[in-house]
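Protein chains in written order, with the working numbering: chain Y, -9 to 207; chain U, 25 to 562; chain W, 6 to 410.
None of these hints come from the bench; they were simulated from the model.
Predicted model, so just to flag it, every value in this text is computed and none were measured.
Glycine included, every Cβ here is placed at the ideal spot set by N, Cα and C.
Take the hints with a grain of salt, since some may be wrong.
[As the list claims (entries may be wrong)] Straight-line C-alpha distance at most 20 Å; calculated PhoX-like pairs for lysine-lysine:
| no. | chain 1 | residue 1 | chain 2 | residue 2 |
| --- | --- | --- | --- | --- |
| 1 | Y | 63 | W | 144 |
| 2 | W | 281 | Y | 78 |
| 3 | U | 161 | U | 281 |
| 4 | Y | 84 | W | 282 |
| 5 | U | 472 | W | 281 |
| 6 | Y | -3 | Y | 63 |
| 7 | W | 380 | Y | 95 |
| 8 | U | 265 | W | 282 |
| 9 | W | 405 | Y | 63 |
| 10 | Y | 84 | W | 402 |
| 11 | W | 406 | U | 383 |
| 12 | W | 406 | Y | 78 |
| 13 | W | 406 | Y | 102 |
| 14 | U | 265 | W | 281 |
| 15 | W | 282 | Y | -3 |
| 16 | W | 406 | Y | 84 |
[Claimed, not checked] Covered stretches of chain W (chain Y as the covering partner; in silico rule of three or more C-beta atoms under 8 Å from a C-beta of chain Y):
| no. | region |
| --- | --- |
| 17 | 24 to 34 |
| 18 | 126 to 139 |
| 19 | 356 to 364 |
| 20 | 394 to 405 |
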Amino acid sequence: MPGKLTKRSTHPFFVFTHWVNAMAMLFLTISGLYIAFPIINGFMGVARGTHFFWMFVLLINIIARIVSMFFIKCACEQGGECVEYDYKNWFPQKTNRHQMWPMIKYYLFFKKDYPITAKYAGLQKLAYWLSIILTFAIAYTGFALWGPTQDWIIFRIGNEIVGSLFGFGGGDGLMAMRLIHHWLMWFILIFTCIHGYLANIYGPSASRLIFLYKDKK
Amino acid sequence: MATPNITMDPITRIEGQLAVECVAENGVIVDAWSVSKLFRGIEVVLKGRAPEDAFYVTQRMCGVCPTSHGHASSKAVEAIDPSFRLPNGARIVRNILEGAEWLHSHIFHFYALAALDYVNPAKALQADIANTIALAKEKGIAIDDYAAVQARVLKLVQGGDLSIFTNGWWGIDPVANPEEADELYNPDMPAELHLIGVAQYLKGLEMQAVAAQIIAIIGGKFPMPMTSVAGGTAWMPRADKLDDCLFRLKEVADFIKRQMIPYTFAIAPYYVSALSYGQGVGNFLSWGCFDRSSMTPENRYLPAGFIKSAVGLNVVNRPDPKMVTEDVGRSWYKNSSNLMPFDGATEPVTNFEYDLGGKYSWGKAPKYAGDPMEAGPLARILVAYMDTDSPTNSLIRGVVDNAVATLGIELTDLVSTLGRVAARNLEAAVAAELAFEWVDELVVELRKGRADFWTSYSARSGEGVATWEAPRGALAHYIKTAGGRIENYQIVTPSTWILSPRNDDGAPGPMEAALIGTPVANIERPIEAARVIRSFDP
Amino acid sequence: MGSEMTFYENLSQRGVSRRDFLKFCGSTAAVLGLSSTFVPTLASKIAGAAESGLTPAIWATGGKCTGCLESTLQATYPNVADIVLDLLTLNYSAASMATGKYAGEAKKGVYEGDRPFIMIYEGAIMTGLGGNTLVNADKTTSLDDLEHVMHSPNLKAIIAMGQCAVDGGWTRAFPNPAGGMGIKYYLEQEGLDHVPVVNLPGCPASPEELTAVVVQALLLGSDGTLETGIQAVAADLDRLNRPKYLYNATIHDSCPRRGHFENGEFVHRYGSDAEKKNWCVYPMGCKGPQTYRRCPMMRWNDAQSWCVESGGICIGCATWNWVDNNAPFKGRHRRVGANNILPGVWKGGINPIGTAAALTGVVAAALVAHGFGMKAAGRCGKNATLKTEEMKEYDRKRLKKQGGA
């Protein structure tokens, strides 16, 4: 994010949801790994409690974030003055036009200059959409495994489908679902790595803004 | 090649799928083929899996002897690690578990599978209860409620619903033609003895379940016990559980001592003819079973050894699992013949043809140093009897000498159809006696307070072989691993030995050899052949 | 069973007291998931059916290890279960018949007869080599045998006994060398699926499950006969054709060691002190959390024990294609690749967790490398070649459009 970011580029509520997201993902990852591989004794209850608590927090948070994009305004160009409803940032803008391919070339060192782009580049928007889909997908697989919701028809069907994909010939599909749940976590981790890297490679200003809501040193 | 005029398909009251075809001329079988009907390919399925998984999967080869397959598999995996030593506690627990498996299997085989070849349930109706009790007393058989048993059989016969005995008379209606039905058996055998047999048959069904309960207590369930994993055992003995095992063991041992053995002695005189046929190949192989703390096969409670007819019945040599080769010239496999199991392959043919002159069985033809071998209780008893260095020798000699004296036969007569059945029952008595010894041993071990039941091992790469004994005979698992995966897994089961088709030299397998020369009074009802087949516990 | 003898006389004849019988009904009710108030109903239904008549049954076999039959012989209260199973007269069973053609004739007698009958099928359908992986001496195959039975109009229902009959069991595990298949799927493939199939998965199936189906059939049957009852059971199956009440809870959910799981009290090594305390074997690879069966409640061999109670793990033997789906058994997750999706691509499959973690590591490493590249190219910090002015231009235009400053 080479452009200049100002406080106008985000909103305190987004800073808050970003914090919650980060914490939830951290706790869910740690507790989830413990649930799968309890290498030390004593924390299964804690880990499961943590996992379920943060699972609800993450879900509520992400829904709140999605709803808020229709009510909260922020800048839509890099370092811009003009503010728009946030949802516009999530869809293609004029400044995204013909920008994706040059951006790929730029990051692969085939192009020297950073292309013109909106606050969020095209690839970035796709990645953010993907992160929302991944979160809902991992939530779905989690509910399909969770005792109280396992038997809901919507999750039953999912179990059956992945069962026939990975267990071929039907089956309860719990093993396949558990694997997918686990894999999705790794995908989210991969997303987080890339996200963290690209946000910080041009300097700490983006992080300072999104975590501390400060735009100047 | 003469066309077979006796085709027995399916051979019933056995584990697995078997057919036998014979040529009988002038009332004697002159040629026989043993057809293993089923191919499932467990050796192919196991390739590429984790070595530890073999314990769970190989048990599913055989629903009657899963325990033995499990033990052999775990031992094979452990054998990959040269520094591995099975913890003493685990050794004893495995012995008890295996012992219970044998008790279960031998009782199950003698009563549920073999007994109806010798006992006529319909004739039991003619028995007089007072005479039956007197006869039982005379033969040293513990008395049962014979009146109730007779009433039960009567009810079955009157109701026209013979339940478990349906069609046990080879197509003869035992109610309409009792004499004809009795021709299948020995008509001289008194009805009272048949009634005792039926009573024991019913009791035997219960006793095999009691023996299996011991397996369930230690292993979680039977069939397919779950605890003898590679490295030791997952079961932690507790006084109360041991107690549960012990009283069931007492019940089973009591049944064997006071019912099964005396009954075997009581009916044997009526079937002396079965001493004269079914000798088989005369070569015997026992890998040895039930480890002592030295953990060497020759030092086992039932020692490892082989006997070759060419050398003599009384010469026991120590077997080497690497001397085994398997021929597939007459089996439906396309891989090369005469392979040692470490390099063995299991590749089914692509052009299937059922041809008694060519390939005719899904079983391979194993050879020990070039010869087909008989495996089973008879082989084990003979080896243990002849091996004077074995610490169990005096126990076996006592039991066998007593039996030989009681029946008034020679030791060599044991190599026959009836002898094979008798050897199995004698072995059940031996196993019951040894099981008590192991329970005592385990108690001593537990008292030390530091009994160990599992230890780690490394099975990543290497090769291991386990020689063991299933109730029905010699069992060897060969495993080769690389990078923590199974590269090759070959199993030489007792059935492979016993039901072997002809090998590439044209020598018939043990059961085929035993059938050749067997007299058959009526080729429509070849019960003599069935006796030979079932004496092997195929 | 003769009508002159009442059911309870019949029981005592077999050495079963009325008390034993009610106990049996109690445990069957438990397996069926019924409350204890149902016990008298069960008892009278069983007694009534036992007095009214029998349904002939064929115990047919495919590629099997005899384990399911063995298992049936280990029934709880053997005599009572015997009677319940006697509601089916086993008119053909390879385990108890005379040998050879007479056995075949007994079987023919049932399927060519005029009475309705049911078939209990044990073992996988062997389809490999045109069915010759289970061949008969008359050069026909087990598939032909099955077809003969299927063509009988009197066949009312099939009970697939054990995992092999349900889906092929271990026989169908990769690479399925002998073409093992579940009976239901085979019949669908051959267009012979006009008869309902009740699946009783598990390796082996348990006698309690079989008797539970028989008893449930008695409860559901409209005209009191077993064949309509079993059809009623078959009409109320879950999507995997299992009786709903028998397979609706995971082993984990009803495991007596569940408390230890929640407390985080785990066994990490066999033979350890933790195992002595009967702690949870989840880290040893227990597949209880994804296996639907009632083992902890019904237990095995006259309710002596079950796998986990004795210290072993659950290997999920009642899950579909359990050998592929659950192996390696000591791991938490199956390996991926040893299946039909990528046949033979990876021998033994890949470790899904290790692979995913490694992939994440590779991405992270690539990002670090990329970062050095960015640094070397002088794109980081203030040196970045940015078209800031042009971007600002867009912003200004936009602002103007909005009518702002």
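Between the alpha carbons of residue 281/W and residue 78/Y, is the straight-line distance 20 Å or under? 62 Å, violated
Keeping to a limit of 20 Å between CA atoms, is the pair of residue 265/U and residue 281/W held or broken? Between residue 265/U and residue 281/W the Cα gap is close to 13 Å, so the pair holds against 20 Å.
Residue 406/W paired with residue 383/U [C-alpha distance capped at 20 Å]: With a Cα-Cα distance of about 89 Å, the restraint between residue 406/W and residue 383/U is violated, given a limit of 20 Å.
20 Å limit on alpha-carbon distance, applied to hinted pair residue 380/W and residue 95/Y: 17 Å, holds
Tell me if chain Y covers the region 126 to 139 of chain W under the three-residue, 8 Å CB rule, please? violated (count 0)
Count the residues of the region 24 to 34 of chain W whose Cβ falls closer than 8 Å to any Cβ of chain Y, and tell me whether that reaches three. violated (count 0)
Is the straight-line distance between the alpha-carbon of residue 405/W and that of residue 63/Y 20 Å or less? Answer holds: residue 405/W to residue 63/Y is near 17 Å, not above 20 Å.
Is the Cα-Cα distance between residue 265/U and residue 282/W 20 Å or less? Between residue 265/U and residue 282/W the Cα gap is close to 14 Å, so the pair holds against 20 Å.
Is residue 406/W within 20 Å of residue 84/Y, Cα to Cα? 13 Å, holds
Within 20 Å, alpha carbon to alpha carbon, are residue 406/W and residue 78/Y? 15 Å, holds
Has the given pair, residue 84/Y with residue 282/W, been kept, meaning a C-alpha gap of at most 20 Å? Violated - the C-alpha atoms of residue 282/W and residue 84/Y are around 67 Å apart, more than 20 Å.
Could you grab the alpha-carbon distance between residue 472/U and residue 281/W and see if it respects the 20 Å cut-off? Holds: residue 472/U and residue 281/W sit about 16 Å apart, inside 20 Å.
The structure fails to meet hints 1, 2, 4, 11, 13, 15, 17, 18 from the earlier list, while all remaining hints are met.
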